[in-house]
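Student: In case you want the letters, here they are:
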Amino acid sequence: MANHSQLGFQDASSPIMEELVEFHDHALIVALAICSLVLYLLALMLMEKLSSNAVDAQEVELIWTILPAIVLILLALPSLQILYMMDEIDEPDLTLKAIGHQWYWTYEYTDFKDLSFDSYMIPTTDLPQGHFRLLEVDHRVIIPMESPIRVIITAGDVLHSWAVPTLGVKTDAIPGRLNQTSFITSRPGIFYGQCSEICGANHSYMPIVVESTPLPHFEAWSSLLSSS
Amino acid sequence: MRRLLARRMKFHLFGAFFVSMGCAALYKFGVAEPRKRAYAEFYKNYDAMKDFEAMRAAGVFESAPPK
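Top to bottom, those sequences are chains P and S.
Heads up: the first sequence begins at 1 in this note's numbering, then just goes up one per residue.
Heads up: the second sequence begins at 1001 in this note's numbering, then just goes up one per residue.
Just chain P, with the same shape it has in the complex (with noise of 0.2 Å):
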């Protein structure tokens, strides 16, 4: 989850987010680039050390046409790399369900057994202590780590969205239609995430809980949950 003065991502827990991480470390170098040339030109506009009263620039157009199709192909090319790289979907170990309503999610693992439950969020006043307060739910969404898992999206009534900053998803969920989003976490642990989509009263409060197990975990709570 984040800090209360973060201003950065949240650390990546899986390689796609590594990736995003690391593409925008890129475009904010291309960024800065361009806005420190533009503030020391402007300096040297405003201290009138740079003008011309040239009517023809036939060399400077060509460089401010040239230098911002590099600048746009730099951006375009390793963002277009990752893009494919999201859509890579091969061979997911588990498939899951994630239902969005007003207010809360339910999820369906409908791969081996029947599961299904509701993801309430834990109001504040019950809330234990040291726990989260507004990002703890009742029943968290468990996964075995380390696996590609695939995740269809969708909504019982309006627009809700479906996001883990940390796994680096973020669907929308509408209603009549399945979204598909996959994710691998690299390491266990427990990843926090919001409704990303303005879906009524409660929208800040239906937040979504993944928790990375391994394996054996994962499937000694499946049987638990199926059994009863």
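Bear in mind the hints are in silico, worked out from the structure with no lab data behind them.
Any given hint could turn out to be false.
[As the list claims (entries may be wrong)] Pairs of lysine-lysine residues, derived as BS3-like cross-links and limited to a Cα-Cα distance of at most 30 Å, are as follows:
hint, chain 1, residue 1, chain 2, residue 2
1, P, Lys113, S, Lys1067
2, P, Lys170, S, Lys1067
3, P, Lys170, S, Lys1044
4, S, Lys1050, S, Lys1067
5, P, Lys170, S, Lys1028
[Said to hold, decoys possible] Beta-carbon label-pair distances, calculated as ranges:
hint, chain 1, residue 1, chain 2, residue 2, range
6, S, Met1049, P, Ala2, 26 to 32 Å
7, P, Leu80, S, Phe1018, 28 to 34 Å
8, S, Lys1050, P, Ile70, 21 to 27 Å
[What the hints assert, rightly or not] Which chain P residues face chain S? A few, computed with CB under 10 Å, are given here:
hint, residue
9, Ile63
10, Pro214
11, Ser222
Note that the coordinates shown come from a computational prediction; the quantities given were computed from them, not determined experimentally.
Ideal placement from N, C-alpha and C gives every residue a C-beta, glycine not left out.
We have chain P; now place chain S onto it with these hints.
Tutor: Here is chain S on its own, set in the frame of chain P:
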């Protein structure tokens, strides 16, 4: 004063280029490369099971209560 504007503009345009490249290099070697190294260092000797057991002992998992 001959060609003063041309000289000054050339000097400052080079200056602007070096300033922008300098800022980019500063961010790249001050932020981006250390971040890549930090991720590589973290995962170089990372033991997922050891990390899991430590978190489990702290009682944070719903699917794996402490032993």
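Student: Hint by hint, note whether the structure agrees.
Tutor: Against the structure, the hints:
With a CA separation close to 27 Å, the supplied pair lysine 113/P and lysine 1067/S stays within the 30 Å bound. Only pairs whose Cα atoms come within 30 Å are accepted, and lysine 170/P paired with lysine 1067/S is rejected, the gap being roughly 35 Å. With a C-alpha separation of about 28 Å, the suggested pairing of lysine 170/P with lysine 1044/S holds against the 30 Å cut-off. Proposed proximity of lysine 1050/S and lysine 1067/S is supported: the alpha carbons are some 14 Å apart, at most 30 Å.
For the hint linking lysine 170/P to lysine 1028/S, the alpha-carbon distance of about 27 Å falls within 30 Å, and the restraint holds. The hinted range of 26 to 32 Å is satisfied by methionine 1049/S and alanine 2/P, whose Cβ atoms lie roughly 27 Å apart. A C-beta distance of roughly 30 Å is found between leucine 80/P and phenylalanine 1018/S, which places it inside the suggested range of 28 to 34 Å. For the hinted restraint 21 to 27 Å between lysine 1050/S and isoleucine 70/P, the CB-CB distance of approximately 47 Å leaves it violated.
For isoleucine 63/P, the suggested interface contact is upheld, since its CB lies about 9 Å from the closest CB of chain S, less than 10 Å. Because the beta carbon of proline 214/P sits about 6 Å from the nearest beta carbon in chain S, less than 10 Å, this interface hint is met. Hint status for serine 222/P: holds, given a least beta-carbon distance of 9 Å to chain S, under 10 Å.
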